[in-house]
Amino acid sequence: MKKIALLTLAAIATMFLSTAALAEVQSLRGDALDTMAKKPANMKIVNIKGGIARSFKLQPPMVPHEVDKYEINLKNNGCMKCHSDETYEKEKAPKVGDSHYTDRDGKVLKTISSRRYFCNQCHAPQVGADPLVQNNFQGAK
Amino acid sequence: MSDSKKRSGLTLILVGIVAGIVLWGGFNTAMEMTNTETFCISCHEMEQTVYQELQETIHFTNRTGVRATCPDCHVPKEWIHKFVRKIQATNELYHKVLGTIDTPEKYEAKRLELAQNVWRSMKKTDSRECRNCHKFPSMDLDRQAPRSSEQHDQHYWDAVDGNEPQKTCIDCHKGIAHSLPEGFDPNAEY
Numbered sequence: 001m002k003k004i005a006l007l008t009l010a011a012i013a014t015m016f017l018s019t020a021a022l023a024e025v026q027s028l029r030g031d032a033l034d035t036m037a038k039k040p041a042n043m044k045i046v047n048i049k050g051g052i053a054r055s056f057k058l059q060p061p062m063v064p065h066e067v068d069k070y071e072i073n074l075k076n077n078g079c080m081k082c083h084s085d086e087t088y089e090k091e092k093a094p095k096v097g098d099s100h101y102t103d104r105d106g107k108v109l110k111t112i113s114s115r116r117y118f119c120n121q122c123h124a125p126q127v128g129a130d131p132l133v134q135n136n137f138q139g140a141k
Numbered sequence: 142m143s144d145s146k147k148r149s150g151l152t153l154i155l156v157g158i159v160a161g162i163v164l165w166g167g168f169n170t171a172m173e174m175t176n177t178e179t180f181c182i183s184c185h186e187m188e189q190t191v192y193q194e195l196q197e198t199i200h201f202t203n204r205t206g207v208r209a210t211c212p213d214c215h216v217p218k219e220w221i222h223k224f225v226r227k228i229q230a231t232n233e234l235y236h237k238v239l240g241t242i243d244t245p246e247k248y249e250a251k252r253l254e255l256a257q258n259v260w261r262s263m264k265k266t267d268s269r270e271c272r273n274c275h276k277f278p279s280m281d282l283d284r285q286a287p288r289s290s291e292q293h294d295q296h297y298w299d300a301v302d303g304n305e306p307q308k309t310c311i312d313c314h315k316g317i318a319h320s321l322p323e324g325f326d327p328n329a330e331y
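Chains as they are written, first to last, in this note's numbering: chain H, 1 to 141; chain D, 142 to 331.
Think of the hints as simulated: they come from the structure by calculation, not from any bench. Don't take each hint at face value.
Calculated pairs, BS3-like style, for lysine-lysine (alpha carbon to alpha carbon, straight line, at most 27 Å) [as the list claims (entries may be wrong)]: (1) D:Lys237 x H:Lys69; (2) H:Lys92 x H:Lys69; (3) H:Lys81 x D:Lys247; (4) H:Lys69 x D:Lys146; (5) H:Lys49 x H:Lys38; (6) D:Lys146 x H:Lys49; (7) H:Lys44 x H:Lys110; (8) H:Lys75 x H:Lys57; (9) D:Lys218 x D:Lys147; (10) H:Lys90 x D:Lys218; (11) H:Lys95 x D:Lys315; (12) H:Lys57 x H:Lys3; (13) H:Lys90 x D:Lys315.
Listed next, the stretches of chain D that the computed footprint assigns to chain H, with coverage defined by at least 3 CB atoms under 8 Å from CB atoms of chain H [to be verified]: (14) 228 to 240; (15) 311 to 320.
All residues carry an ideal CB built from backbone N, CA and C; glycine is no exception.
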């Protein structure tokens, strides 16, 4: 009888302790684990005239404009409407880097290299949001 | 003229008027019924291709909730132009029966040609259907992205000053509602 009472007590104690421990686990975002996460703020992609400064020499530059209306698919690459060798002057846009026209063997191609076809793999647009965590990063000069 | 002759003449005119109203009404109803998106996408040639693509674009859902439907961009608003377009559309019926574009593969193979038809007619009308909703003089260039306002500036002033337009919307805005055809060359004149 005493044994059973002890066991029950122990069980109840563990239950309390474990919920207490659970309450101490915190998500990095600060939301309670058992509630829905906060909806991310609805930020707009920014258009920045003159482009966004690079942090180091061979960084793929950030896209300083909206991108959602440009399709990249098997048939066409919407970004090349403005950034290709033939069109950039007319569209007043910067030309893609020369590297974008070379294949892995260093051969210069007439059309965009397949290694560089999916622009958004390397170039990302920016939203007008403050950094979530402050930091002291400075780009290479 | 005898009385009975006069009466039958009057009846004839009356019947004519009534028949005219009925026919005219029926005709207009037919014009209206064939001027809806539901009608356009009742053909799978239109529903499974261009309609699917349209849904990904700003003309389907956007911030302001203004929707552009197929006829908004493809069927003129003025009566006479609309009538001409409806006559042309009988060609679509003909090719529907022929099955010219009844598979996605056939569609893609003919897409460049079809798109060129649309570009040509929009160029001819200074993109009239676009201008039913968008007008240069109503654009606030200061509120547009720099890339937009730089390209619009000159054409904006041409429109405001009433000069002959040098370029029209479709010259610069191809592929805004559907996927561009394979082999599309942004540098070519279509």
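How the hints compare with the structure:
About 31 Å separates the Cα atoms of lysine 237 of chain D and lysine 69 of chain H, which puts this hinted pair outside 27 Å; it is violated. At roughly 19 Å between alpha-carbon atoms, lysine 92 of chain H and lysine 69 of chain H fall within 27 Å of each other, so this suggested pair holds. A distance of roughly 26 Å separates the Cα atoms of lysine 81 of chain H and lysine 247 of chain D; the hinted pair therefore holds under the 27 Å criterion. Between the alpha carbons of lysine 69 of chain H and lysine 146 of chain D the distance comes to roughly 71 Å, so the proposed pair goes past 27 Å and is violated.
The hinted pair formed by lysine 49 of chain H and lysine 38 of chain H fails the criterion: a straight-line CA distance of about 32 Å is larger than 27 Å. Note on lysine 146 of chain D and lysine 49 of chain H: the hinted pairing is violated, with a Cα-Cα distance of about 82 Å set against a maximum of 27 Å. Between lysine 44 of chain H and lysine 110 of chain H the alpha-carbon distance is near 36 Å, which puts this suggested pair outside the 27 Å criterion. For the hint pairing lysine 75 of chain H with lysine 57 of chain H, the CA-to-CA distance comes to about 32 Å; that exceeds 27 Å, so the pair is violated.
Taken as a hint, the lysine 218 of chain D and lysine 147 of chain D pair is broken in the structure, with Cα atoms around 42 Å apart against an allowance of 27 Å. As the CA atoms of lysine 90 of chain H and lysine 218 of chain D are separated by approximately 33 Å, the hinted pair breaks the 27 Å bound. Proposed proximity of lysine 95 of chain H and lysine 315 of chain D is supported: the alpha carbons are some 21 Å apart, at most 27 Å. For the proposed pair lysine 57 of chain H and lysine 3 of chain H, the alpha carbon gap of about 72 Å is over 27 Å, so the pair is violated.
With a C-alpha separation of about 16 Å, the suggested pair lysine 90 of chain H and lysine 315 of chain D falls inside the 27 Å cut-off, and the hint holds. Under the rule that three or more residues need a Cβ within less than 8 Å of chain H, the assignment of the segment 228 to 240 of chain D is violated, with 0 such residues. A count of 3 residues in the segment 311 to 320 of chain D with a Cβ less than 8 Å from any Cβ of chain H is obtained; the coverage claim is therefore met, three being the minimum.
In summary, the numbered hints that this structure violates are 1, 4, 5, 6, 7, 8, 9, 10, 12 and 14.
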